[in-house]
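Engineer: Sequence:
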Amino acid sequence: MNARKTPDQPNSGQPLAEQPSPGELSPRSREQTLQRLGQQHYDIVVVGGGVTGCGIALDAATRGLSVALVEMRDYASGTSSRSGKLIHGGLRYLEQLNFSLVKEALTERALMLRTLCPHLVRPVRFIYPLEHRVWERFYLGSGLVLYDTMGGAGAVPRHRHLTKRGALRLAPALKPEELVGALTFYDAAIDDARHTMTLARTAAAYGADVASGTKVTGFLREGQRVTGVKVHDAISDREIPVVGKQVINAAGVWTDQIQDMVGGRGKFQVRASKGVHILVPRDRIHSDAAILVRAEDSVVFIRPWGRHWLIGTTDTKWELDLDHPAANRDDIDYLLRQVNRVISPELSREDVEGVYAGLRPLLAGESATTSRLSREHAVESPVPGLTVIAGGKYTTYRVMAKDAVDAAARGLDGAAPESCTQNIPLLGAAGYQALWNSRQRLADEYGLHVARIEHLLQRYGSLVTEVLALVKDRPDLGEPLEGAEEYLRVEISYAASHEGALFLDDALTRRTHVSFETMDRGLTAAAPAAALMAEVLGWDDATTKAQIEHYQQRIEAERASQEEMDDAGADAVRKKVRDSRL
Numbered sequence: 001m002n003a004r005k006t007p008d009q010p011n012s013g014q015p016l017a018e019q020p021s022p023g024e025l026s027p028r029s030r031e032q033t034l035q036r037l038g039q040q041h042y043d044i045v046v047v048g049g050g051v052t053g054c055g056i057a058l059d060a061a062t063r064g065l066s067v068a069l070v071e072m073r074d075y076a077s078g079t080s081s082r083s084g085k086l087i088h089g090g091l092r093y094l095e096q097l098n099f100s101l102v103k104e105a106l107t108e109r110a111l112m113l114r115t116l117c118p119h120l121v122r123p124v125r126f127i128y129p130l131e132h133r134v135w136e137r138f139y140l141g142s143g144l145v146l147y148d149t150m151g152g153a154g155a156v157p158r159h160r161h162l163t164k165r166g167a168l169r170l171a172p173a174l175k176p177e178e179l180v181g182a183l184t185f186y187d188a189a190i191d192d193a194r195h196t197m198t199l200a201r202t203a204a205a206y207g208a209d210v211a212s213g214t215k216v217t218g219f220l221r222e223g224q225r226v227t228g229v230k231v232h233d234a235i236s237d238r239e240i241p242v243v244g245k246q247v248i249n250a251a252g253v254w255t256d257q258i259q260d261m262v263g264g265r266g267k268f269q270v271r272a273s274k275g276v277h278i279l280v281p282r283d284r285i286h287s288d289a290a291i292l293v294r295a296e297d298s299v300v301f302i303r304p305w306g307r308h309w310l311i312g313t314t315d316t317k318w319e320l321d322l323d324h325p326a327a328n329r330d331d332i333d334y335l336l337r338q339v340n341r342v343i344s345p346e347l348s349r350e351d352v353e354g355v356y357a358g359l360r361p362l363l364a365g366e367s368a369t370t371s372r373l374s375r376e377h378a379v380e381s382p383v384p385g386l387t388v389i390a391g392g393k394y395t396t397y398r399v400m401a402k403d404a405v406d407a408a409a410r411g412l413d414g415a416a417p418e419s420c421t422q423n424i425p426l427l428g429a430a431g432y433q434a435l436w437n438s439r440q441r442l443a444d445e446y447g448l449h450v451a452r453i454e455h456l457l458q459r460y461g462s463l464v465t466e467v468l469a470l471v472k473d474r475p476d477l478g479e480p481l482e483g484a485e486e487y488l489r490v491e492i493s494y495a496a497s498h499e500g501a502l503f504l505d506d507a508l509t510r511r512t513h514v515s516f517e518t519m520d521r522g523l524t525a526a527a528p529a530a531a532l533m534a535e536v537l538g539w540d541d542a543t544t545k546a547q548i549e550h551y552q553q554r555i556e557a558e559r560a561s562q563e564e565m566d567d568a569g570a571d572a573v574r575k576k577v578r579d580s581r582l
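Following the working numbering, the numbering of the sequence shown begins with 1 at its first residue and continues without gaps.
Misleading hints may appear alongside valid ones.
[Stated by the list, open to error] Have a look at the derived ranges for each label pair, beta carbon to beta carbon:
{"id": "1", "residue 1": "Q39", "residue 2": "G447", "range": "23 to 29 Å"}
{"id": "2", "residue 1": "A542", "residue 2": "P475", "range": "28 to 34 Å"}
{"id": "3", "residue 1": "L97", "residue 2": "E479", "range": "42 to 48 Å"}
{"id": "4", "residue 1": "K267", "residue 2": "E485", "range": "49 to 55 Å"}
{"id": "5", "residue 1": "E485", "residue 2": "Q39", "range": "44 to 50 Å"}
{"id": "6", "residue 1": "R337", "residue 2": "A443", "range": "39 to 45 Å"}
{"id": "7", "residue 1": "P176", "residue 2": "E486", "range": "32 to 38 Å"}
{"id": "8", "residue 1": "E479", "residue 2": "D288", "range": "31 to 37 Å"}
{"id": "9", "residue 1": "P176", "residue 2": "T149", "range": "31 to 37 Å"}
{"id": "10", "residue 1": "V450", "residue 2": "E346", "range": "32 to 38 Å"}
{"id": "11", "residue 1": "M261", "residue 2": "L146", "range": "42 to 48 Å"}
{"id": "12", "residue 1": "D297", "residue 2": "P475", "range": "22 to 28 Å"}
[What the hints assert, rightly or not] With a straight-line Cα cutoff of 30 Å, these simulated DSS-like cross-link-like pairs (lysine-lysine) come out:
{"id": "13", "residue 1": "K215", "residue 2": "K575"}
{"id": "14", "residue 1": "K267", "residue 2": "K103"}
{"id": "15", "residue 1": "K472", "residue 2": "K215"}
{"id": "16", "residue 1": "K175", "residue 2": "K164"}
{"id": "17", "residue 1": "K575", "residue 2": "K230"}
Since the hints were made in silico from the structure, they are not lab data. Everything numeric in this text was worked out from a predicted model, so none of it was measured. C-beta atoms are modelled at their ideal positions from N, C-alpha and C, and glycine is treated no differently.
Given only the sequences and the hints, what does the whole structure look like? Please build it.
Structural biologist: In structure tokens, the structure reads:
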């Protein structure tokens, strides 16, 4: 096993003033990473830059293993940026008597709130309207007692019972005729895309070589043994062999496609389940708490998201293009129908400001409905040198990563140390609370409103000092981004200079969420954002124009698909729009 440097070790040969910050994913560091990928022999090579893959890279790096991670597009560009943005135990898993999964998830929720990333995760109060006077209150109340005590007790406030009057006082939007009382409980919200990217940066800070825009095109073999992967770099258009003692396939919904390259899918297969979320303005639903609605075959969450309510999710089979899951009219109408059963005034399609669709990687089973497939994960080694992990849920990513590295480590020359990620705060966590307490001082020092400082702190944590340093050097970066005034111009520059954003879509969809938080889906913001990225990434005018046009094409395709009645129509219209612009 090869020793790797920790964040506290300086980069030899670099003057202190020129050292990058820990885990900085800059254009310069990316090129250096690509050079190492083709030269070094790693203990672990991870395929996939979603939350599981980035968690694996961090787990392995903090055990002292040498690690490479390759991701074909952007960190969290698949499932991990299109979740319900909740860290939760899963009340419905209690109904399924899956107590071990709930306890595991609640333990992870407490770790994230208290230690790992308090700047990215925060408690959210939910209200659950009751429709039956006796049995429902007893039944759900008993479940919430377990929810309060099974794992990480004390991380959030305990549940409470409310009368009908108390429920309407907390959530005036609820229809009085649809409830007899309510229960309140707490879960946690997360910015999933930023969390996954921060995992990648933290892994890099502990010595992992991580690179997005690097697509696996095949496997390296010695006889029957897998010895690495072949990757294609999208930026330089070159092929790079990445050699490793063990390869971990953490490709999510693309797991089976990666397995096909090596021959045979092993003991399990992955089925994609589509989940759609919509955003509506905060003033359209009058409530001081998030709302949980029991839907036809699952549950729907209505929870605050900045200046919006985030509503989701659907849970339907998806068997079309995995790269571009599409929301259709029926998906949106389904969510509106579920919400309108319990709130007044009711929502219409005109209220929908944003939409996104994602695919969950579920372990295939005998059930015909994806809502009943397993949310637990599985790990196996189908051929020597290769470990595959699939399934699971966002909340338990750290446990999944530990299990995957444990399995792969059995194929290394020596015993690997135990996982220690339960004690490893992510970048931005250390010192976050102190800076939050000093937010007014920071506002005065940098000439920004304190609300802007709070916004930055809840996105960058203690790394906010790096962001603000850019504003100090260039005051114009402290101005709002045209077309998306909730964000500052500096956030786009920082996305390109420190957070590995390679394309305009990376910055507007995952580093920020302009693409689904603004009524025009970020079309106004595209040009000024592209200009800011061009300064950092060295784009010429033609490249900048191409980036804007590609973004416009994607938004056009998504809007068109949302007018179709089913998945086949939505998928077809997206392909038609895409092909017409090529």
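Engineer: Each hint should be assessed against the structure and marked as holding or not.
Structural biologist: We went through each hint and held it up to the structure:
no.	hint	result
1	Q39 with G447: 23 to 29 Å	violated (46 Å)
2	A542 with P475: 28 to 34 Å	holds (30 Å)
3	L97 with E479: 42 to 48 Å	violated (54 Å)
4	K267 with E485: 49 to 55 Å	holds (51 Å)
5	E485 with Q39: 44 to 50 Å	holds (45 Å)
6	R337 with A443: 39 to 45 Å	holds (44 Å)
7	P176 with E486: 32 to 38 Å	holds (34 Å)
8	E479 with D288: 31 to 37 Å	holds (33 Å)
9	P176 with T149: 31 to 37 Å	holds (33 Å)
10	V450 with E346: 32 to 38 Å	holds (36 Å)
11	M261 with L146: 42 to 48 Å	holds (43 Å)
12	D297 with P475: 22 to 28 Å	violated (53 Å)
13	K215 with K575	holds (21 Å)
14	K267 with K103	holds (27 Å)
15	K472 with K215	violated (37 Å)
16	K175 with K164	holds (11 Å)
17	K575 with K230	holds (28 Å)
Checked against the numbered hints given earlier, the structure breaks hints 1, 3, 12, 15 and satisfies all the rest.
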